[in-house]
Each structure stands twice: as structure tokens, then as C-alpha cells.
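Here is what each chain is made of, one letter per residue.
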Amino acid sequence: MSQYVPHTEAETRAMLAELGLQSTDALFSDVPDSVRLHAPVAIAPGMSQMETVQAMQKLAEQNTSYRLTLRGAGCYDHFIPPLVKLITSKEEFVTAYTPYQAEMSQGILQSIFEYQTMICELTGMDVSNAGVYDGATAAAESAVMCRERKRSVTLVSACAHPDTIAVMRTYCYGTGDELRIIPEKNGRTDAEAFRAMLGDDVAGVYIQQPNFYGMLEDVDVLFADAKAAGVKCILGANPMTLAVLPSGAEVGADIMCGDVQPFGLPMAFGGPSAGYMATTAAMQRKLPGRIVGQTTDAQGRRAFVLTLQAREQHIRREKASSNICSNEAHCALTASVYATYLGRHGLQAVADQCLSKAHAFAEQLCAIPGVSLRHEGAFFHEFVTNLPVAAEKVQAALEAEGVLSGLPLAGGMLWCVTEKAGDAQLAHVAELVKEACAK
Amino acid sequence: MMNLKNDRLYAESHEWVLFENDTTATIGLTDFAQSELGDLVFVNLPQIGDTLTAGETFADVESVKAVSDVYSPVSGTVVAVNEALLDAPQKINEDAFSAWFVKVENITARGKLMNAAEYQAFAEK
Amino acid sequence: MSEAVLLSYEKSVPGRYSEVIPRLDSPSWQLPQKWRRQKPPALPELSEIDVDRHYTELAHRAYGVNCGFYPLGSCTMKYNPAINEAAAALPGFVGAHPLAPAHAVQGCRAVMEELSADLCQITGMDAFNLQPAAGAHGELLGMLCVKAYHESRGDSGRVRMLVPDSAHGTNPASAAMAGFTVVNVPSRADGCVDLDALEALMGNDVAGMMMTNPNTLGLFEKDICKISRMVHASGGLMYYDGANLNAILGEARPGDMGFDVTHVNLHKTFSTPHGGGGPGSGPVGVKQLLAPFLPVVTSAGETGKLQMKAFHGNFGILVRALTYLRALGGDHLRAVSEHAVLNANYLMKRLKEVGFTPAKDVACMHEFVLTLEEIHDRYGVSALDVAKALIDYGIHPPTMYFPMIVHEALMFEPTETETRETLDHVADILARVMEDLKANPEAMHTAPHTAVIGRPYEVKAARTPVLRWKPET
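Protein chains in written order, with my numbering: chain A, 1 to 439; chain B, 1001 to 1125; chain C, 2001 to 2473.
One should not assume that every hint holds.
Within a straight-line C-alpha distance of at most 27 Å, the following computed BS3-like cross-link-like pairs (lysine-lysine) qualify [to be verified]: (1) Lys2011(C) / Lys90(A); (2) Lys2039(C) / Lys227(A); (3) Lys185(A) / Lys2011(C); (4) Lys1091(B) / Lys1005(B); (5) Lys1112(B) / Lys1125(B); (6) Lys393(A) / Lys150(A); (7) Lys2287(C) / Lys2226(C); (8) Lys2460(C) / Lys319(A); (9) Lys2460(C) / Lys286(A); (10) Lys227(A) / Lys2222(C); (11) Lys2470(C) / Lys286(A); (12) Lys286(A) / Lys1112(B); (13) Lys1091(B) / Lys2349(C); (14) Lys2360(C) / Lys2349(C); (15) Lys2011(C) / Lys2034(C); (16) Lys2305(C) / Lys2222(C).
If you're looking for bench data, these hints aren't it; they were derived computationally from the structure.
Whole structure, please, built from the sequences with the hints as guidance.
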């Protein structure tokens, strides 16, 4: 018969007979004949499981396998502890549905409650939702949260990830709200230009920290200016950096958002992942997406439940502020398991290693003639260098030795160093770059 | 015997309106409405300065599983909002006639309104 | 009575630590003071064995498709094949950076091209975009394509989107997010779209209509070709919500019914797992006329182009779906829908025999709706009570109170991967529940009695939200 359909021919016949039907064809008598397919769909015929796995293996092997990845730009190669994979592979976590039936889903609900707590601790905000699709859509949804009757314009720094800007633009196209880009100056948000843009039609501003170029922004100053103009402040942050960078609460953010991919999720060509969104108590009911709350049952036992559902699409329908259904639960769970396992000290260790290695590597690169940091100022674990030769040449030279270089960017390269890079490896890569840059 | 007050008027959409004078009134939900809606968990109220139009929604109330629109019985301007309801929406369930939503001034028009007896007859149908 | 499971935070012991990656004794580089966090995040400190056991406890309090019957209507909780997980975990896929040079990720591109081509064939569409992360996300993209299409033709007066009153909540929400005004289309007594009412809504302000077929009652909209002709004649486009595609897989295609744009749910029809609430994937297929408006594959920040999320889409989910289609093949797609519809009709018949009432007493497709209105009137027992009672019998309840046009609704979708014995067993359980509710209706109001908790106080959770753990101060 067919993969995954357990019925034998005899069983199928017997069940049809009980329904008084002669054939499975009769099950589709309501489908107009003009619309019925009379031949199998033209896709490849089915295979055994062994052949299927082998076929997928062949496809995977068409990808280049790198020993070392020095490219970030929104997707990061961190060490994923085997325990994280083991725990998150449990079938109950993988195959469960959304925990609407609280009595049989306390495990899932508690894991989300723990995730929400983790996000609040990292961001310093009061409330987190259960997760959204990714960091870019989280930014777009955060912009919606800031809007009110007389203020509907969103400002976004040109130093935010280009995909974030593109997604925000797409969501604004839907609602008809305006998005304005704050210019970049030397790799950071142009503070003076920003101040001039703070009109009384502006609802919110989105600043990414560290920004797309890896640079550290003066977020507290930018947000102070925004607040003075009555504009809400959205801080977009890589959660790994929040182990050491100031929390949103410390810099005056009203909303924090970002992508949890660095927490235990593989790069996997960019997905799936989850976006986090956290905000102040005052704005909590504006959060889209699912939220888990704590309560009790009739026996006084602690119980977790999906709550504040009257915000959501299945109740508000066209009056919902967002159509979002999914909370990318398994990705949020993975992030939570990773952060729980590493704990406060482990996350600190990752951040320290990234910072230290990135700065050491930057120094090695800048010792190469013709290579210099493009932007002045502090950076985290990503940075842009100018190059004396075409970036593609450097990329190819490194690929020949199994290294994925930084991202070619306007004649230079956006590098990223994580804890996975060994000191000897980095020194060797610097040599390779030096050779590639020698004319 | 339905819980009603004779000092105010009622709309078919189950709001009450208590007139101070011809141009000033407070608005809330009837006891019948709150018992139909069940335990209320949140109220979305307008802001001071908002314009209300008779027959159009100006607020909504949430129970755990549903949202219900609240319609204005009059046209006018919101001058006060009962913020206590934001922290304790259960006040509407406990005492619907004290749980005013908004105070409205500059009332220029009224929707179709009934007295207590008429409303009782209407609601019991 | 079961023990409460402590939160990971409550199990935390200061100093507990696993050296997952090396700690730096003295970080060789310090952030300037102004960028140093004042208050470190208070995350748990646990040993490895504690972490391992903690999540084992949580897994024991979760219910997956591996645990038992999961008849949630319109969710298609079919078996999630193990080889899907194996394929998604292949190092070549897992280690691919989304911005790697094109020549280095030919495998990923091949996966996406093959899946797009397959989905086009399955749905009768001309082009597919794999970027949306979920069904609702795909709906939004579809709606934005419709909007962009009309605008490109100078037809910006088309502001109304027609949505049946039986539709899933995401449909009107997505239309509203795209800037449309939602117009509800009533259903007839037989549960299908009211053609006369629909005709009255036609006009040149209609951007399109969103439908799912079969509809949320599990009934095939026989007039679908008439409906799409009507909407097209009015200048609107037809959107297909692919949530119920499992009913017609290999039997019929939305593209042949007059639909111009569709989304499919890889986590429903195409067997990728639900994950406790995601990640899923909602690819969007279009006829050629809408193809110019789809997002481009590379994320290059092109202005003027729609982009739904960062990078390419939920690639790990795409791999799983392609693996499923490779194993199943074009020659066996039909077996999926045939047995999905067979199982649903079989179960519906068994439940009728046991005393339950279908909302519409006709043959269904892959799902059916029961109405417990009469039971509620006679015994005071609600659909919610019955659903909760099923938990005591170890099976996951069906969907409750949806679609909204049926009172005291319970929607069952068994899917094709359930055996006859399972369906018979479920019917036996419902028979016992029917006895219970007649014999002891009071006890039904407090079911479940044997789960780890009883019914939680949801009103309290919503009135005084406690949304995170806080240390006792």
C-alpha cells in the first residue's frame, strides 16, 4: 500500500462495506467530475525509506561543508551541546499540538513559562510572549504595538539588518503605515539626523544593537531623545549579547525583540527559528502571539494555561492586531533548553569568548597591509574590514581551505567570530587573507 | 425579576445611559449583559477627548473566550473614563450599574432608547 | 494526586555549572563601561543531570502524536515520519549558512526547487514561494499579492475581501493586516456558502474571496466552480486556504477549481511535526498572473519587493516536507486523501451509532463536526465537558467550539494514519462517555479527574496575569 497509511486492502474494503460503499472513489462523489484528477499527480513515484534517506543524503552532500564559519549577518554558528539536541528530540516535544488543552499539556506550557521568564531576565522587561516567527517579523510586530491614533509612523535605523527593514516595509505595505529610514553615519545610526526625524506623527523607533555591521550604538542617548519626543523605543538585540550588554530596561526600551537562533538552533539555511518579543507591564496587552500564564486549579495546584487569548485572531478575527497563530514553540523550547543548560555563567562564557576572539582576529586582520576596520568605534563579535582586493577573491581563498569567510559587503567584508573558532585556526585564516590580499 | 434601575435609559444592545442633564451622561453595561457575557477579564476603553457616535462601538469587553463590542447610546465627547475597570473588570460583573465606562458631554444625539420597563420586556423576549 | 513539577528556576543552586564551552579566566577584551550590563540576567544554575531530568518530567506531561489519538479538526495531526527528522538533521543541511555563496548551497537550492515544483503539481499552481513561516503568514503574503496585483492595474478601489462566516479566524485577521475590509459571507442551512448572498455582495470593490475546500464543516463546496466564476467575473481573485488539503490530496487541485492563490500547511498535509505550537511552514502558490509579486529567493533587501521573514523560509521544515513527498510519491498521494476521508466517515458512523449527532447528517470528507446542543439542553453537559472527559480516557480531545456556526461543536479529523482498531477504540470510549454523561452529568463538569491538574482557573489567569517566574523577595 502506501507509506504511513496502515490500512491493508482487506481493511479498506471492509470499512467501505460498513459504509455501504463499493470503492474509495465513492468517497469523493461531491467533487465535480470536471475538477477530479484522472491521473496521478506528476511528481516522482514513491520510494522505500532507505532510498528516500539516500536521496536526501545526496542532496545534502551538494552543499559545501565548511570547517569554520566566519559569517554572521543575522545567522550564527555557535556550539550546540548534544544534550540540547537529545532533549528537544523527545517525540512529546516534537509532535505535540499547541497546548490548548491545559490539563494534558502542562509540560509544554511550563516550558513556555520558563522561556518567557528567560526572555524577561535577558531583556530586563516585564513580560514576554511565547515567541513569533523570527527576529525580523518580531520587529514588524513591535512597530505595530507602538502605533496609536495620532502616531503611526515607524522609524528604523539604516544599520538594522536589511531583511528586518524589508519585512517591516512589507508589513507597513499591508497596513498602509509609513516607514522612514534613519540614515547611517560611519556604521552607526546618525544621531543628528535621527533627532530631526522625531516628529509628532512618529509612533516608534527601531534600533538594532549590536547593529548589522557589528557596531555598538549609543542606544541610551538615542532612546532618551526619542522619549523626549513621545516616541516609543524598540530595541532589537541578539540574545547572546544580552549576557553582557545592558538590558532593554537599562537603556529605556519600551519593547525588546530579536531572534533566538544563536541559542542552540543550527544555521540550517536560515530557518526555522523564533523571534522573541518582550515589553513593559504597561504595554503587555498589546503583545501579539501566544502567552502562557500561571494560575491554579480547584485543588490549589499550580497550573499553566494559554492566557490573554482575547487579543488573538481566533477570537478577535478581523479586529486582531495580528493574524499570528504559531509561536515557533519547538524553536523557543530549544532556546530555553540551551540557556537553562548553559546557565548564567555559560552564557557569559559564550559572550566573552565571542568578544575576545573577534577582537583578536580583527587585530590580526588589520595588521595586513590594505586591511583596516571600516568603522570607528566599539563592536561586539562582528566587524567590517576594508580589503585591498575583491572580496570574492578572499572568499574563494578561504573556501579552498574549508573556511566560510565574512560576508562580502560593498567592497569589504563583514566578519563574525564565535566561540567555535580556535585561536590557531584564526591565526591561519589571517595568513590566508594576507596571502589573498598580496598583489 | 431582572435587576434594573428606573433612573436611566436602555439601548437594545444592552447598555444603560444615565443622564445628568440633556447634554451630560454616563454609560455602562446592564446587569443582563454582564450575566450573558460571563466573567469579564478585560475592558478596552476609549480615551478622554474621543468622539462617540450613537449606535457605533466605542469599547469592548473580553471574557476568557470572547470579545464583545459595546455600543454608544449617544453622540458626544468623552470627558472621563473609569480607569478602575482596567484593573478590576470584575466590577462590571459584581455591580453593573455602578461600573460606569465613560462620562460623555456635549451630547448632540441619542440612539433608540427605552425605559426600564420597556427594556425588561425587550430583554426577556 | 501528582506532585507539582518545579520550575527550572526553582531547582537552581548557585554554583552548579557544566563546562559546556571553556570559560575565560580573564577575558582578553572588555567592553567599555557604558556598554556593560549592570544587573546580570538571573538564569538557572543547574547540573547536567538536573537539566536532563527536568525536561524528562516536562515531556511526561506532554502528549504527542506518538502518545495516542489526536483528532483535532483542521489540524491534520497525522503521523510525523522519523525519516523526516533524519533528513532535516543531515550535516549538509544543518550547517548551511543562509548567506553562503550560491555555489556552496546547491543542495539547499535543489531542495527548494524540487519542493516548489512538487507543490505546483499538487495544487495546480504555476509558481510557489517557500518563505512564509506558517499558514497565517502565507495567508498574509497571499493577501499582499492580491493587493499588489490590483494596485498594479490601477484598481485600488478593490478594498473588500469576502470571507465565509465558517472561516478560521486567521482568514479575516490576515485580510485585515493587508488593509482589506472583511465582509462576512453567510452559509446556507447545509453548511455551504450561500450563493444568493454571495451574488448580492459582488461589485467592483471586491478584491477577492478566501475559502477553504472542503470547508470547516468537512463538506466539499460543490458550487466552487460557480463561486470562482462569479468572483472572477466581478474582477476579484480567489484565495485557497490549504488547511483542509488533506481531504483532496491527489484527487483534486485548487488551481483547477478557479483559485488564483493558495497557501499550504506543511505541518498539516505534508507531515512536518507541530512542535507544541510550531515551527510550521506556509508556502504560497500562485497562478502566473500573481507570480511577479512573490518575494525573491535571495535576501538582498531589494526595495519594492515583498519579504515575509529573514532569509529563505523555514528550511528545516521544507526538508521534512520534501522527504515526505519523496517517500510517498505521486503514485500514493491519492491513498492519503482516500483513507483520510474513509477514516472520517467510518468514525462519524460509529459515533452516530453511539448516540452523537453530526452537525450535518451527510457524508463528510476528512473531518466532521458533531453538535452536542441537544445533550447540553437535556443533561446540562457541554462540548467542553465531553472534551475534558476524553482526557481521563487517555486521548486528546477534538477541536471544541469551532466552526462558530455550529452550537456545542466538536470537530474530529482522524487523518489517514490511524488504524481501524484505534477508531473502534475511540468509538468505545465515546460510548462510555455517553453513558457517563447520562448517569452522572455533575461529574462531567469537573472532568478531567485523573490528569496532572484539574481545570485551571482561566478567569484568574486573565484578570491577574502572572506571566513569568519571580524569585521570592
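Next on the checklist: Tell me the numbers of any earlier hints that the structure contravenes, in ascending order.
Outcome noted: 3, 6, 10, 12, 13, 15, 16
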